[in-house]
Amino acid sequence: MSLSTAEVNKIAWLGRIAIDADKIEAYARDLSGILDFVEQMSVLDTSAVAPMAHPMDQAQRLRLDLVTEADQRELFQANSPSVEAGLFLVPKVIE
Amino acid sequence: MHNKTIAELAQGLHQKQFSSLELTTHFLQRIQEHNKRLNAFVTITDELALAQAKEADDRLSSGQSNTLTGIPIAQKDIFCTQGVRTSCGSKMLDNFIAPYNATVVERFNQAGAVMLGKLNMDEFAMGSSNETSYYGPVKNPWDVGAVPGGSSGGSAAAVASRIAPGATGTDTGGSIRQPAAFCGITGLKPTYGLVSRWGMIAFASSLDQGGPMARTAEDCALMLQTMAGFDEKDSTSVNRPVADFSATLNDSLQGLRIGLPKEFFGEGLDHDIAKLIHEAVAEYEKLGATVKEVSLPNMNLSGPAYYVVAPAECSSNLARFDGVRYGHRCENPKDLADLYTRSRGEGFGAEVKRRILIGTYVLSAGYYDAYYLKAQKIRRLISDDFKQAFQEVDVIMGPTSPSVAFRFGEKSADPISMYLSDIYTIAVNLAGLPGMSLPVGFSKNLPVGMQIIGDYFSESRLLNVAHEYQQVTGWHDKAPAEF
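As given, the protein sequences belong to chains S and V, one line each in that order. Just so you know, we're using the working numbering here: the first sequence kicks off at 36 and counts up by one. Just so you know, we're using the working numbering here: the second sequence kicks off at 11 and counts up by one.
Worth flagging that the hints you see were computed from the coordinates, not collected in a lab. A portion of the hints provided could be inaccurate.
Chain V regions said to be covered by chain S (calculated; three or more residues, Cβ under 8 Å) [stated by the list, open to error]:
| # | region |
| --- | --- |
| 1 | 106-120 |
| 2 | 308-318 |
| 3 | 324-336 |
| 4 | 345-351 |
| 5 | 354-362 |
| 6 | 383-389 |
Backbone N, C-alpha and C fix where the C-beta goes; we use that ideal spot for every residue, glycine too.
Turn these sequences into a full structure, and let the hints guide you.
Structural data, given as structure tokens:
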């Protein structure tokens with residue numbers, strides 16, 4: 036499995052990660068190596084095996100749809116790089 | 011005072027041989043003295059620790075105490091601590107002040123334990139050497155030119171150097187057991203679901219599990235007692251009664267059935283380590299255990315399956331770091347896409363980026379079945395292998411890591427060679443089983459750890475098995491000369 040630099044650029048965009056142009060090739064090499072490593076999985080026929088998502092095959096617990104948390108907006112927004120009037124600020128999205 | 015175990019310190023506190031304030035001050039002084047060389051702590055919470063120590067002393071004198079009241083411990087910096095920076099070893103969270111406590115932290119607070127500070131770790135727990143930390147690597151107290159292991163390297167180094175009596179760790183693929191082995195301490199990765207993951211910054215949610223790291227199995231039992239138990243806030247927390255882990259520590263090992271998987275002793279295992287594991291197993295035979303060979307035939311696929319499952323879940327979990335609500339934000343973003351991509355590009359280190367990219371790739375359209383689904387199926391086969399083995403034996407023993415602590419830079423240039431340092435620990439996480447590492451000797455003047463794996467929720471048995479060994483051997487008492 037060998038990833039091209041174009042593929043790495045595409046994956047980086049999907050993952051919303053900026054990668055310096057001069058490092059793309061190194062990433063392509065490392066990621067290809069990792070994919071070669073995981074490729075060993077294909078030696079095994081698993082067509083009859085059920086996938087395992089939870090070690091004890093436990094289902095997710097449900098709870099009643101009730102408000103259980105107090106409003107802590109100010110506390111949580113204290114960590115934001117940019118907040119105004121209770122809103123998170125980002126660069127203009129709509130022209 | 012720092013050479014005492016948590017159990018001995020608890021006795022000293024309850025018998026008024028010393029106060030928690032004296033004890034805490036002593037450890038804070040040791041941190042002050044040694045942390046510059048070790049880099050084990052990224053944040054020292056001295057004011058908080060002294061205040062908690064005074065409170066603990068009040069509780070101790072009014073009789074409202076329990077075993078851990080007044081005992082100083084340190085938290086891996088992956089656990090959210092209210093009002094205290096929680097960095098997860100990343101530039102991304104360098105400025106993040108957690109607005110709440112992780113359940114694990116809350117439980118230590120309720121027990122009256124004292125928090126000395128936050129411990130260094132591989133960035134977002136992704137690494138096996140501590141070299142991926144934004145704050146620089148932790149040094150191994152046995153040889154400062156060697157890695158402490160990872161990702162809970164700060165925890166292992168702090169306990170081994172006696173600058174903290176106990177520490178929390180987390181283990182997604184070996185991150186408690188491998189550093190415990192490299193630093194010559196005892197660590198336990200519990201059954202998936204035993205310890206709450208709430209407030210523990212997520213890496214791979216179906217594998218992550220917090221656990222204790224201390225000098226002895228007895229101390230791990232005391233810490234686990236505080237950490238374990240159902241938590242409504244963690245949707246994967248298992249609701250079942252928690253055992254009394256200390257009550258069965260001294261049970262006889264007569265008739266204990268030990269399994270040695272042949273796959274753990276094959277190619278790639280250091281000769282000295284194999285010899286020491288066999289010596290430790292011989293010690294168990296003297297204690298009345300029987301030994302037989304078992305097989306985990308799909309063991310060789312645990313690495314490949316892990317490096318699909320873990321990065322896939324990592325890419326999903328780390329999508330929350332967007333530079334908007336908290337964490338690092340780039341300067342002067344020109345638009346929203348630029349804000350996201352540059353904040354993440356600058357905030358994450360190389361290994362975290364590699365894993366996010368691999369995870370993004372294996373989950374992308376057209377690849378899900380070939381990678382993630384395939385890996386989940388292999389997970390089932392690995393889990394079935396263990397189930398089969400546990401029909402014949404009570405515990406499985408083998409090496410924790412194929413080598414002793416390696417040198418800085420030795421594996422950091424090659425991700426795959428770094429990944430292979432966890433080949434014996436990863437399968438345990440994929441199956442969700444509990445596993446321990448305990449010191450069983452030295453090779454090249456560096457500690458060697460033995461791994462003990464048990465069936466689901468067999469923590470009491472694992473701790474008992476480790477404790478009985480520590481009653482007849484002294485490896486866990488060895489301290490690095492320089493600290």
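Each hint tested on the structure:
Counting residues of the region 106-120 of chain V whose CB lies closer than 8 Å to any CB of chain S gives 3, so the stated coverage by that chain holds, three being the minimum. Coverage of a stretch by a chain is defined here by at least three residues with a beta carbon nearer than 8 Å to that chain's beta carbons; for the region 308-318 of chain V and chain S the count is 8, and the condition holds. With a cut-off of 8 Å between beta carbons, the region 324-336 of chain V has 7 residues touching chain S; three or more are needed, and the interface restraint holds. Given as covered by chain S, the region 345-351 of chain V passes the check, having 7 residues with a CB less than 8 Å from a CB of that chain where 3 are the minimum.
Coverage of the region 354-362 of chain V by chain S holds [criterion: at least 3 residues with CB-CB distance below 8 Å; count 4]. Counting residues of the region 383-389 of chain V whose CB lies closer than 8 Å to any CB of chain S gives 7, which reaches the minimum of 3, so the coverage claim holds.
Going down the numbered hints, you'll see the structure goes against none, and every one checks out.
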